[in-house]
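Listed below are the residues making up each chain.
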Amino acid sequence: GENVEQHPSTLSVQEGDSAVIKCTYSDSASNYFPWYKQELGKRPQLIIDIRSNVGEKKDQRIAVTLNKTAKHFSLHITETQPEDSAVYFCAASRTGGYNKLIFGAGTRLAVHP
Amino acid sequence: ETGVTQTPRHLVMGMTNKKSLKCEQHLGHNAMYWYKQSAKKPLELMFVYSLEERVENNSVPSRFSPECPNSSHLFLHLHTLQPEDSALYLCASSQDITAQETQYFGPGTRLLVL
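These protein sequence lines are chains A and B, in that order.
FYI, the numbering for the first sequence is 1 to 113, going by the working numbering.
FYI, the numbering for the second sequence is 1 to 114, going by the working numbering.
Keep in mind that a hint or two might mislead.
[What the hints assert, rightly or not] One-sided and incomplete, this derived list gives chain B residues near chain A with beta-carbon spacing under 7 Å: (1) SER38; (2) ALA39; (3) LYS41; (4) LEU51; (5) GLN100; (6) GLU101; (7) THR102; (8) PRO107.
None of these hints come from the bench; they were simulated from the model.
C-beta atoms are modelled at their ideal positions from N, C-alpha and C, and glycine is treated no differently.
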């Protein structure tokens, strides 16, 4: 069935370093890839998304890249700050049918001062 | 209140109890979702509603019973649950059921089944 693999499951970086989280999807018809951030005890919130007609998208310190041929997409956070510490979830969905997101298992990012 | 709200935020129940989770969205959205979030596992979609009509029941056991009386409210009725049902239950909404619409999540209900 459809699934999304996410790596690593945990990531620890020093403040100011970059962090990269990678996801691989199985459904070749997937064409929408959002990323959610969930801080401890808080709700998941959309931080960035990308559609299959775009290879890269940036928003300040975060960027997402998409390789449709390889069926993988990545989240890049530059100049990490302690407030970036959270669990990050990638997801994938396809056009048609209803708004069904297939989520990865999450990456727990810890940014140490 | 703004966005998506959920009550209660925490719930402890025995396996023979009956309880209900409530979700309310103040965004004027037409689609609502229930997800189960267990530790170190992907969010699992349970139910999807569009304009109060159930669109998806993702092979969820009958001990979970959803109800959507209007497009702003969504309930999850629980009865005779098992300890493995302990998890964070998240509600979400989106403008409509169309693919690629952003889903906005509530804060969740942390459920513990004893």
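Quiz item: So which hints don't hold here, by number, going up?
Solution: 1, 2 and 4
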